[in-house]
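Protein chains: 2
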Amino acid sequence: MLEQIRTVLSHTTHPGNIGAAARALKVMGLSQLTLVNPKDYPCAEATQRASRATDILADAAVVGSMEEAVADCRLIVGTSARTRTLPSKLITPRELAEKIKHNPSRLPVAILFGTENSGLTNEELQICHYHVCIPTNPEYSSLNIASAVQLVAYEMRLALCEQPLIVEQRQVESDLAISREQFSGLLEHFEKIMLQTGYLVLGQERLLPQRMNRLFNKADLTVSELNILRGFLSSMEKHVKRIEQNH
Amino acid sequence: MLEQIRTVLSHTTHPGNIGAAARALKVMGLSQLTLVNPKDYPCAEATQRASRATDILADAAVVGSMEEAVADCRLIVGTSARTRTLPSKLITPRELAEKIKHNPSRLPVAILFGTENSGLTNEELQICHYHVCIPTNPEYSSLNIASAVQLVAYEMRLALCEQPLIVEQRQVESDLAISREQFSGLLEHFEKIMLQTGYLVLGQERLLPQRMNRLFNKADLTVSELNILRGFLSSMEKHVKRIEQNH
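Residue numbers (my numbering), protein chains in the order written: chain A, 757 to 1003; chain B, 757 to 1003.
Hints are not guaranteed to be accurate.
A pair holds if it fits inside one copy or across any two, identical chains being indistinguishable in the list.
[Stated by the list, open to error] Cut-off 20 Å, straight-line C-alpha distance, at most; resulting in silico cross-link-like pairs (DMTMM-like, lysine to aspartate or glutamate):
(1) 795 / 815
(2) 974 / 854
(3) 994 / 961
(4) 855 / 828
(5) 845 / 976
(6) 948 / 993
(7) 974 / 823
(8) 857 / 976
(9) 974 / 851
(10) 857 / 931
Derived from the structure by calculation, the hints contain no laboratory data.
Using the sequences plus the hints, can you model the full thing?
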């Protein structure tokens, strides 16, 4: 299971932190690392701080967007050293590890870490099913990014490396959680019909797409549920066409 | 209790690790740091890696022997990233935190970290009541010393800090969860339109209403989200009416 946990570093500024993160992952037995638009990479400092974990760096994917980094993931969580104004589904790293342990159908999992200075952007947080808050001193919550990666990877190892407590149940295809790509397709379908019915007017309701994203992210949709919603939306389109043709 | 936990770094080689350890301690609310014969300290690199935790460095004691560092301590533990030949009293960081929590009479506690290359010496290990083994990948157990300090400090904070992990956030009216009555109203609205578009045919798809119920139950809808969905459904009805009238 540890092999299916992807650490995603977004717009990391200091290459030393990327190297230290690679080392932090390997020492806990994790291996998937994806870098979204790193500022200065590859870089000798990254390699040096990685110590002998350079294989993690060599295998790391460097991509141009967060959507690309998480496209095939069924559970996406964003990390933060402090609580944000968005209180939806705030959990601790330990709770996250338990969730993954008891829901292996949500693999692959992406755990997102934002840039050193300001963390994840609101856009990045919005694609997350949960926000993981690492408990820190409220008077000094300046957790180094590689240290944050280390703490989360440690909780993953503790929870996922031993024998599972609960025997895995065989999953049928339609009960699988949907991927981020399927999720984006659903939101686009909703938006298309919302524009058609006039519920959404481009340029006017900027928050509506965000709210739809959050609403359905909370639902943790399965493939069969996705099919219901897509089928419903398609039936609406066909219905409108039929009326137009019959008149 | 966190104030009575002393981190002791013995013969640390790289000053950057001392700075990073100070930051790791402060971010978890620990403050006592003692340095036994550091190789290169004070040093600008230590200050830089400490970020804004320089107060921990300023207050750190620099001593000439381990005996001096732990003289007033009632519980002394040595850390290691791998199991040693000495298996006696081997515990995990989490078990250590529990022990301290349940035996406050053992405070102050000293937690010893050895030199980067070879860890604690046999002499240093012999004064320890317990050996703390941080679980790592057996194929690559090269845990950075500041990362080890970070992991142990994190377990101390989780077990010994009484503050709630996550501060509850104020609820606004539109963030309230919907009532069952509002929930039923939403499902009826969906059903009405599903019948209209032909997606649901009465008597044929008995499972569909159950599935819709489950899907939206998982979403934990708020009042503002309910309003979005009801508004969208109403816009569909109006759109169909408009087309019918225009043709």
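Do the hints match the structure? See the list:
no. : hint      : in the structure
1   : 795 / 815 : within (18 Å within a copy, 35 Å between copies)
2   : 974 / 854 : both (18 Å within a copy, 19 Å between copies)
3   : 994 / 961 : between (26 Å within a copy, 19 Å between copies)
4   : 855 / 828 : within (19 Å within a copy, 42 Å between copies)
5   : 845 / 976 : both (12 Å within a copy, 10 Å between copies)
6   : 948 / 993 : both (10 Å within a copy, 16 Å between copies)
7   : 974 / 823 : within (18 Å within a copy, 24 Å between copies)
8   : 857 / 976 : within (16 Å within a copy, 23 Å between copies)
9   : 974 / 851 : both (16 Å within a copy, 18 Å between copies)
10  : 857 / 931 : within (17 Å within a copy, 30 Å between copies)
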